[in-house]
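There are 2 protein chains.
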Amino acid sequence: MSFAHRVTATDGAARAGVLHTAHGTVQTPAFMPVGTAGTVKAMTADALRATGTQVLLANTYHLMLRPGAERVAALGGLHRLMDWPGPILTDSGGFQVMSLASLTQMDEGGVTFRSHLDGTPHRLTPERAVEIQHLLDATVSMVLDECTAYPATEEAARRSMERSMRWASRSRAAFVPRPGHGLFGIVQGGVHPGLRAASADALQQVGFDGYAVGGLAVGEGQAAMFGVLDCTLPLLPADRPRYLMGVGTPDDIVGAVARGIDLFDCVIPTRGGRTGRAYTSEGRLNLRNARHADDPRPLDPDCACPACIAHGRAYLHHLFKAGEMLGPMLLTWHNLHYFQSLMRILREAVAARRLADCAAALRAGWTARGGAAEEEG
Amino acid sequence: MSFAHRVTATDGAARAGVLHTAHGTVQTPAFMPVGTAGTVKAMTADALRATGTQVLLANTYHLMLRPGAERVAALGGLHRLMDWPGPILTDSGGFQVMSLASLTQMDEGGVTFRSHLDGTPHRLTPERAVEIQHLLDATVSMVLDECTAYPATEEAARRSMERSMRWASRSRAAFVPRPGHGLFGIVQGGVHPGLRAASADALQQVGFDGYAVGGLAVGEGQAAMFGVLDCTLPLLPADRPRYLMGVGTPDDIVGAVARGIDLFDCVIPTRGGRTGRAYTSEGRLNLRNARHADDPRPLDPDCACPACIAHGRAYLHHLFKAGEMLGPMLLTWHNLHYFQSLMRILREAVAARRLADCAAALRAGWTARGGAAEEEG
Numbered sequence: 539m540s541f542a543h544r545v546t547a548t549d550g551a552a553r554a555g556v557l558h559t560a561h562g563t564v565q566t567p568a569f570m571p572v573g574t575a576g577t578v579k580a581m582t583a584d585a586l587r588a589t590g591t592q593v594l595l596a597n598t599y600h601l602m603l604r605p606g607a608e609r610v611a612a613l614g615g616l617h618r619l620m621d622w623p624g625p626i627l628t629d630s631g632g633f634q635v636m637s638l639a640s641l642t643q644m645d646e647g648g649v650t651f652r653s654h655l656d657g658t659p660h661r662l663t664p665e666r667a668v669e670i671q672h673l674l675d676a677t678v679s680m681v682l683d684e685c686t687a688y689p690a691t692e693e694a695a696r697r698s699m700e701r702s703m704r705w706a707s708r709s710r711a712a713f714v715p716r717p718g719h720g721l722f723g724i725v726q727g728g729v730h731p732g733l734r735a736a737s738a739d740a741l742q743q744v745g746f747d748g749y750a751v752g753g754l755a756v757g758e759g760q761a762a763m764f765g766v767l768d769c770t771l772p773l774l775p776a777d778r779p780r781y782l783m784g785v786g787t788p789d790d791i792v793g794a795v796a797r798g799i800d801l802f803d804c805v806i807p808t809r810g811g812r813t814g815r816a817y818t819s820e821g822r823l824n825l826r827n828a829r830h831a832d833d834p835r836p837l838d839p840d841c842a843c844p845a846c847i848a849h850g851r852a853y854l855h856h857l858f859k860a861g862e863m864l865g866p867m868l869l870t871w872h873n874l875h876y877f878q879s880l881m882r883i884l885r886e887a888v889a890a891r892r893l894a895d896c897a898a899a900l901r902a903g904w905t906a907r908g909g910a911a912e913e914e915g
Numbered sequence: 539m540s541f542a543h544r545v546t547a548t549d550g551a552a553r554a555g556v557l558h559t560a561h562g563t564v565q566t567p568a569f570m571p572v573g574t575a576g577t578v579k580a581m582t583a584d585a586l587r588a589t590g591t592q593v594l595l596a597n598t599y600h601l602m603l604r605p606g607a608e609r610v611a612a613l614g615g616l617h618r619l620m621d622w623p624g625p626i627l628t629d630s631g632g633f634q635v636m637s638l639a640s641l642t643q644m645d646e647g648g649v650t651f652r653s654h655l656d657g658t659p660h661r662l663t664p665e666r667a668v669e670i671q672h673l674l675d676a677t678v679s680m681v682l683d684e685c686t687a688y689p690a691t692e693e694a695a696r697r698s699m700e701r702s703m704r705w706a707s708r709s710r711a712a713f714v715p716r717p718g719h720g721l722f723g724i725v726q727g728g729v730h731p732g733l734r735a736a737s738a739d740a741l742q743q744v745g746f747d748g749y750a751v752g753g754l755a756v757g758e759g760q761a762a763m764f765g766v767l768d769c770t771l772p773l774l775p776a777d778r779p780r781y782l783m784g785v786g787t788p789d790d791i792v793g794a795v796a797r798g799i800d801l802f803d804c805v806i807p808t809r810g811g812r813t814g815r816a817y818t819s820e821g822r823l824n825l826r827n828a829r830h831a832d833d834p835r836p837l838d839p840d841c842a843c844p845a846c847i848a849h850g851r852a853y854l855h856h857l858f859k860a861g862e863m864l865g866p867m868l869l870t871w872h873n874l875h876y877f878q879s880l881m882r883i884l885r886e887a888v889a890a891r892r893l894a895d896c897a898a899a900l901r902a903g904w905t906a907r908g909g910a911a912e913e914e915g
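Heads up: the protein sequence lines correspond to chains A and B, in order.
Once you know that position 119 of the first sequence is 657 in the numbering used here, the rest is easy, because the numbers rise by one and skip nothing.
Once you know that position 326 of the second sequence is 864 in the numbering used here, the rest is easy, because the numbers rise by one and skip nothing.
Be a bit skeptical, because a hint or two may be false.
A pair counts as met if it fits within one copy or between any two copies, since identical chains are not told apart.
To be verified - With a Cα cut of at most 20 Å, we get these calculated EDC-like pairs of lysine to aspartate or glutamate:
#	residue 1	residue 2
1	859	832
2	859	656
3	579	621
4	859	621
5	859	833
6	859	608
What the hints contain is simulated information worked out from the structure, not anything from laboratory work.
All chains should be modelled from the sequences, with the hints used to inform the complete structure.
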């Protein structure tokens, strides 16, 4: 078997477990910071490790264009390049092709596009996407899928999902199994329960090492997203990891863990860290806000990251106002530390069968001291 | 006495010693990274400590404008703000006023200018410059001086130097002595030995805790700079630290240490780190150069910094081409590590009375493998 995924505790639909990979173990539920171009922006590998990060995500689209998949392979793979011996999950490139590339043309065989960097033409097929991920030395590879537009009619969502299922089969056929490596299928079908069920079934006919839920966090709202999870997750095999792609806020994560998700990735902590947005146990803060200019308090009194241990809000505010790189560096570190601490809290709550209480306490903290009020800041 | 400065070894004109300050000791000769706005760009305080940095420089001009000297004081001072309990030297702001501010008007009392940030009017006098440095909690404060234009006629250089000497007296009078804190005078006089001698004499009539050589590295060239050191340093008291402001390249530093300089500051390692310029034991490299794209070797085989231990040139090249913050972060770290290692090597060479051999070996390394050829890259 590609992976051993052992579910060690459950609390309602929520699960805690351990994923054993060729590059080490991952305690689930786990959050994967996004290392788009072979680096989690503003973070050294040592800093990432210090946040409690266990597994990273990297983007096939960016890396195939620069520095190039064959070059990464010649340099010893992405783990070696990034100084990240731990597990790395790579996406298939499909989502970025649709959102970043130009002159994109989709056909049954794959997708042709021009690089957003230099206009050079490229083609991505299910087979090439898997090959690139092999060259990158991904621990977990993802099938190439077609990103369904949102909103879409049910008929359009069906056609898109069905093509993605054919591509999933081709991806599986192209994937070279190796111990401790795996390929995940992606459930599509928009917000339509029937399509989600058909997609979950089609993927299991092929058989994957894990199952992702795709096509969410694209504007449908948290309630619709949770609705899709509620109807989809019971249809997936209990012994395989489940990955909710591109999600989300701390509140999204708590709700998705409660519904049975094991893996997350999102740019929220890293993008927020670069733009002055802090996630804390007391809610979200905008460090560019002048109210912080004279405030010596740490970002989060409960946090042990270097930003909170060594500095106050006034200094972080100053760094952002002055456009100093140290602002994004410290705040990215803090946000990832916060997200990883949140995941640890959730794992422990599932193990103790106290997830509902834990979630209520977390949510109370986020809103108690006006954190939510600053969301607009 | 403000500082104990103990010269522990000499080798020709070169000295090694220990400066004892209220914020800790500094082994000299020492290099001070530049922390302009209260942060050494792209470096956490922990990373700075890991490079072997003992003392930082911060800029009065930038900090008086943002976040403001009174605000820094209210927040506990610059050491607390930056998480740098060690010594900090602050410049007086004069140089940045002349190079950055607009509508600058100089008179005998001081200098009036408009902030380059928001156009607000400000005035800096010798007394206010010292007061600001007190508010920042500087370990070493610098007198306000007038930056002599280069090139300048001897008469213009004399008039400028003489005003700077009057300002030095006023700075001294305004300075509040505290144990382990000190005020440095600045020798001016351009490239004119007679003016340098008059300036050195005038400062010693007042009496300072250390003596800086200012007005160099402004385009006069290394030979002229060394000429000024050769004629000036013998005129300064042997028991006080000597600081060469704004210098320099590794080769400049070696030559200035040989002539008796104890302290340096320069943006070269940090600015170079942000622009892809690496300083190594084999010379200078431009990491943006395509020749590095497939090169797995570390930047410097002799270096133990995180960039060299964990990554190769190809990855650093990729980070700079992709505009990733991690490139400047790793390369700034490397360059500072290299500069601090150089200072340690020089201190050990002076102690062993082997500085001439050491300097020759360093210079041979910088040019042996084509490092110099890449200077143009």
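Hint-by-hint comparison with the structure:
For the homomeric pair residue 859 and residue 832, the shortest alpha-carbon distance inside one copy (13 Å) is at most 20 Å, but the shortest distance between copies (38 Å) is not. For the homomeric pair residue 859 and residue 656, the shortest alpha-carbon distance between copies (13 Å) is at most 20 Å, but the shortest distance inside one copy (33 Å) is not. Taking identical chains as interchangeable, the C-alpha atoms of residue 579 and residue 621 lie at most 20 Å apart only when both belong to the same chain, with a minimum of 14 Å there against 23 Å between chains. Taking the shortest Cα distances, residue 859 and residue 621 sit within 20 Å of each other only across copies (19 Å), while inside one copy they are farther apart (32 Å).
In this assembly of identical chains, residue 859 and residue 833 lie within 20 Å of each other by CA distance solely inside one copy; the values are 15 Å within and 38 Å between copies. Proximity of residue 859 to residue 608 under the C-alpha cut-off of 20 Å is restricted to the inter-copy arrangement: shortest distance 17 Å between copies versus 41 Å within a copy.
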